[in-house]
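Undergrad: Per my numbering, the sequence shown starts with residue 1, numbered consecutively.
Simulated from the structure, these hints should not be mistaken for lab results.
One should not assume that every hint holds.
Claimed, not checked - PhoX-like mimics (lysine-lysine), calculated; alpha carbons at most 25 Å apart, straight line: (1) 69 with 102; (2) 128 with 69; (3) 128 with 50; (4) 102 with 128; (5) 71 with 50; (6) 102 with 50.
Unchecked claim - Label pairs and their calculated CB-CB ranges: (7) 25 with 75: 33 to 39 Å; (8) 51 with 153: 32 to 38 Å; (9) 101 with 154: 24 to 30 Å; (10) 18 with 74: 38 to 44 Å; (11) 100 with 63: 15 to 21 Å; (12) 52 with 129: 16 to 22 Å; (13) 47 with 21: 16 to 22 Å; (14) 125 with 21: 30 to 36 Å; (15) 154 with 125: 23 to 29 Å; (16) 98 with 75: 30 to 36 Å.
Small disclaimer: the values here were computed from a predicted structure and weren't measured.
Note that CB positions come from ideal geometry on N, CA and C, so glycine has one too.
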Amino acid sequence: MSARLPTAAAAELRAHAVAAGLKLEPTVAITYGTYDLFHIGHVNLFRRIKARYDILVVAVSTDEFNAGKGKRSAVPFADRIEMVRACRHVDLAIAESGWGQKETDIVRYGADAMVMGSDWTGHFDGLKSLCDVVYLPRTEGVSSSDLKRHIQSAG
Numbered sequence: 001m002s003a004r005l006p007t008a009a010a011a012e013l014r015a016h017a018v019a020a021g022l023k024l025e026p027t028v029a030i031t032y033g034t035y036d037l038f039h040i041g042h043v044n045l046f047r048r049i050k051a052r053y054d055i056l057v058v059a060v061s062t063d064e065f066n067a068g069k070g071k072r073s074a075v076p077f078a079d080r081i082e083m084v085r086a087c088r089h090v091d092l093a094i095a096e097s098g099w100g101q102k103e104t105d106i107v108r109y110g111a112d113a114m115v116m117g118s119d120w121t122g123h124f125d126g127l128k129s130l131c132d133v134v135y136l137p138r139t140e141g142v143s144s145s146d147l148k149r150h151i152q153s154a155g
């Protein structure tokens, strides 16, 4: 399945891929998250996605979007998106500012798949009309929430 509608952003990504020596029709995956207290679980998710797809777009939740979900990040959005951009597995990092953005992003970037951690299994199956929806196993024993609890209990 693919949301292969010709958009300027998708065309730009494909041109980048061709210039980088990737096949003419690279596969595109997109994933979403807060990526607070960036850790090995995040790296493993990105690595697993890149093993399956040529281009990885990562949408990082803004502080405002997180506040609307009742979440507060330890690390500000500007820092979190820069850490994600610095990861070698990530081709493009964008801001996620709302729940409804996923449909638009899938089409805009020509995503073949939206990939999430297994803790989200079933939550995004409604997007299967636009692209494949894949849930990958989480890295056992690590999460930003656990790290925050550990830091707070040590303090």
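Undergrad: Each hint needs a verdict: does it hold in this structure or not?
TA: Consistency of the hints with the structure:
The straight-line distance between the Cα atoms of residue 69 and residue 102 is roughly 16 Å, inside the 25 Å bound, and the hint therefore holds. The suggested pairing of residue 128 with residue 69 holds, with an alpha-carbon distance near 24 Å, which does not exceed 25 Å. Note on residue 128 and residue 50: the hinted pairing holds, with a Cα-Cα distance of about 20 Å set against a maximum of 25 Å. Only pairs whose Cα atoms come within 25 Å are accepted, and residue 102 paired with residue 128 is accepted, the gap being roughly 12 Å.
For the given pair, residue 71 sits about 28 Å from residue 50 by alpha-carbon distance, which is inconsistent with the 25 Å threshold. For the hint linking residue 102 to residue 50, the alpha-carbon distance of about 19 Å falls within 25 Å, and the restraint holds. For the pair residue 25 and residue 75, the supplied restraint of 33 to 39 Å holds, since their beta-carbon distance comes to about 36 Å. Between residue 51 and residue 153 the beta carbons are some 35 Å apart, a value that agrees with the proposed interval 32 to 38 Å.
Between residue 101 and residue 154, the C-beta spacing of about 36 Å breaks the proposed range 24 to 30 Å. Range check, residue 18 to residue 74: about 39 Å between beta-carbon atoms, so the 38 to 44 Å window is met. For residue 100 and residue 63, the Cβ-Cβ distance of about 18 Å falls inside the hinted range of 15 to 21 Å, so the restraint holds. In this structure the hint that residue 52 and residue 129 lie 16 to 22 Å apart at CB holds, the actual value being about 21 Å.
The hinted window of 16 to 22 Å between residue 47 and residue 21 holds, with their beta carbons roughly 20 Å apart. Here the CB-CB span from residue 125 to residue 21 is close to 35 Å, well matched to the stated 30 to 36 Å. Evaluation of the 23 to 29 Å hint for residue 154 and residue 125 yields a failure: the beta carbon distance comes to about 39 Å. Checking the proposed 30 to 36 Å range against residue 98 and residue 75 shows it is violated: the Cβ atoms sit about 20 Å from each other.
Figure legend: structure checked against the earlier numbered hints; hints not met, in rising order: 5, 9, 15, 16.
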